[in-house]
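My request is simple: use the sequences and hints to build the entire structure.
Read top to bottom, the protein sequences are chains E and C. Residue 1 is where the first sequence starts when you use our numbering, and the numbers rise one by one after that. Residue 588 is where the second sequence starts when you use our numbering, and the numbers rise one by one after that.
Simulated from the structure, these hints should not be mistaken for laboratory data. Possibly wrong hints are sitting among the right ones.
[To be verified] Pairwise CB distance ranges (calculated):
| hint | chain 1 | residue 1 | chain 2 | residue 2 | range |
| --- | --- | --- | --- | --- | --- |
| 1 | E | N527 | C | K755 | 30 to 40 Å |
| 2 | C | M864 | E | R394 | 50 to 60 Å |
| 3 | C | P606 | E | G437 | 28 to 38 Å |
| 4 | C | M864 | E | D134 | 45 to 55 Å |
| 5 | C | M864 | E | E178 | 48 to 58 Å |
Glycine included, C-beta positions come from ideal geometry on N, C-alpha and C.
Residue-level listing of the chains:
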Amino acid sequence: MQLTGSLFADMSAVYGNKLSVFPDYPAEIRAPHGTVSGVSGFQVHIGGDDVITPGDFCDLLVAMNPAALKANAKWCKRNAMILVDTDAFDEAGMKKAGFQTEDPFLELRVEDRAIIPTPITTLTMESLKDSGLDMKTIRKCKNMFTLGMACFIYSRPLEYIYNYIEAKFAKKHPELVEPNKRVLNDGFNYAANIQAIPNTYEVKPAHMKKGTYRNINGNQATAWGLLAASEKSHLPLFCGSYPITPATGILEELAIHKSLGAKTLQAEDEIAGICTAIGASFAGNLAVTTTSGPGLSLKTEALGLAVMAELPLVVVDVQRAGPSTGIPTKTEQTDLNQALYGRNGECPIPVIAAHSPAHCFDAAFNACKIAVEHMTPVILLSEGFIGNGSEPWRIPSMKDYPEIVPPLARYEGHPFHPFERDPETMVPKWAIPGTKGLEHRVGGLEKNHEGVLSSDPANHALMVAERQAKVEKIADFIPELTVNGPASGKVLVVGWGGTFGHILTACHEIGDVPFAHFDYIYPVPRNTREILSRYEKILVCELNNGQFAAYLRNLFPEFHYIKFNKVQGQPFLVEELTEAIKEAYNG
Amino acid sequence: MANLTFKDFKSDQEVRWCPGCGDHAVLAALQRSLPKVSQALGYEKERYVVVSGIGCSSRLPYYMDTYGFHSIHGRATAVSTGIKVANPWLTIWQACGDGDALAIGGNHFIHAIRRNIDINIILFNNQIYGLTKGQYSPTSKFGAITKTSPYGTVEHPFNPGSLVLGAKGTFFARSLDVELALNEEIMTAAALHDGTSVMEMLTNCVIFNDGAHKNLSDPAVRADRTIVLRHGEKMVFGKDRNKGLVLFGMGIKAVTIGEDGFTIDDVLTHDAHTDNMGIHMMLADMKGPDLPVALGVIRDVKDITYDDGVRDQVKDVMAKSKIHSVDELLHSGSTWEVE
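Written as structure tokens, this is what we have:
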């Protein structure tokens, strides 16, 4: 079903629609088939210019079994179509899904929707009875039948999918090309013939800026942003990581692109992931480690080492529902506190966040630029929702991206002092092993400017202050906060990270609601206080229990904050955001 | 290539180990070995990086005038691995203790060996946690009485040699802190070895575990209770050089040459380069009272290294791939035009 959804999305993108997709799948690879918890879903939202979320409610629900219907019926609009494979709605299937009555639609109170009961499995078998394929292979083709029906409903020509089928099977399984095309075609014709489809849609292309586009998901965009930073800094990329859902895609993607000089090391554990990256950074590479919440917990001590050694490092945390193992495949923004505060000692680390799948590219690039130019570890927060979600992306040109300039030390005839700083930026120099004359020692123990061990009280206080100042001065190098909407008023809606699309959509739906979204969390943009001061109330919307709200309150206690939170492992619904915003206005 | 001497490797930092600590001698051996290594391999001084974890012995990088990284407890091996992969041209020396490498860092230790990454690990084994003032370590003898085992430990120790060989290590050597000449010999051999070289140094902690290795290091008994193995040489030991090791049944037996019908021809000749892990394992496992403890290079075999593998694969893919810039990457695969 994930593949069928992707195909429909890709086809729509090529047609010129804007789109946003959200794969929602269980943590188990082969989750118990036919049970509600084992449903693997793929949400596609296509349309014109305003599509920036996967959408709350659907026009078409395709349920291949009773469990899928049960899990998703509540998302059907009043006038939605529900396409079901009746072959799967037998006694066993109904029982597995936990239906109490014989009418699943009535039981779920969706009996008034346009239900299109179709014996998809039977029709597929009929379609391929002379194909010579075995039953197992034939059954696998039923998703193609469904896709054919969806293509009719959305008035889509089949050429794109024909081409896909040919490209996929021509070499290795030429015997599958014709059967898949036939089933797709039969599905399309079936939908056209049955006259049970109440309405078909024609979703016009969006008004998209001229250019070359591609689809990209957040993890892929993150990996590519890291590669872009490697190219622009002229530093080889090193990624030391341990597989963890939902971040593994970044490591997998980087592992493909060795042609750009990227080295990937699949470490023996999360700690080795970050420690190999710290070693690589010491040796002069652009070093990265990628993880999710539990992995970030394991990396904590080593993050402190990177702060103390003042080495550039990017740590990508693709957040998932926690605490502990939590719900690994579901999205959340609950690692913010961990990213900001989760270390021993006074241990400041810049934190930035990606706000959409494609934005992961820029966010990863910027994280690297800050890390390298300011000689500090940086935590980049992504989320399962944007890491796995995808959207069309107007392909940028690398000539429009800035150079990244590492503050490399040169031998100047005297011993190198690793913690002497640029007085403006407070950034120390990076002396790469192998450079003659710059031999020096770094490590976790407190040192003085010369790099000599020191437990002197005044020196410790000075070094703590300097490390902090270095990070806070990054505010001078990041963009200012902007407000989408009126420059002052009663309520400012505030968000960060992957909630951007939902919040913006909600603000647009209501009308002229001011909205400020933070891509840079620590330090915050320089004008943050000034922006917040123009509104009576600040409504902070986030997928946790109020971590960013508490952070802002700590920084700017003079303002009136209201929180809107959700911790269900799911993205916001636009609907619940509009209600929260209206309530903030009226309250 | 300037002629380097041991002074070139001495930093200006005051060495702060306890007087009488075995670590002093290991440091001296390293500072004396590296000029020889440089001579043999043409290495410049800036090519050396000394890495450590946490513990008494992990202070070592501060005393070496090279690039150095004093990392965190147990993680030296991971940091070393990252440095070596990032820049295989660098030559890595790592100092770590028995608690550091085998308890908290055990995972990184075995995986570095499994990968056979080209780093040189000096394992300071004093069988105690010294810096935290005297708790038992994973190499403390069964029953050891320490601050955290006042009634004796009830757990078996690791033999680092069998751990290394069990992970299919390609280089393992053992020595005593006091064997300065042998240690230089071992360190030079480790430097020449491509892959993970583990050198177990049995060191004395004068404060918390004084005399832990005295049954071996005491000059009165050393020659009889240890055997120095050298590739190609007969396995002969003893004060009078009249004892030898022979294969007997399924194992190794110590015999007196000329007695019970054993002649010098029966005595084994050490082959450090054989792939045969069994004989190396037996040698690494030898202990008193029946057998001498093996010192010297027990195993030194060739195998592919991880750092070479990573580098070669990048080169291969670069040569074959059509994508050589990020712009090309961004336009690879399915794209479409919007007019």
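We went through each hint and held it up to the structure:
no.: 1; hint: E/N527 <-> C/K755: 30 to 40 Å; verdict: 59 Å, violated
no.: 2; hint: C/M864 <-> E/R394: 50 to 60 Å; verdict: 58 Å, holds
no.: 3; hint: C/P606 <-> E/G437: 28 to 38 Å; verdict: 33 Å, holds
no.: 4; hint: C/M864 <-> E/D134: 45 to 55 Å; verdict: 47 Å, holds
no.: 5; hint: C/M864 <-> E/E178: 48 to 58 Å; verdict: 55 Å, holds
Hint compliance for this structure: hint 1 is the single one not met.
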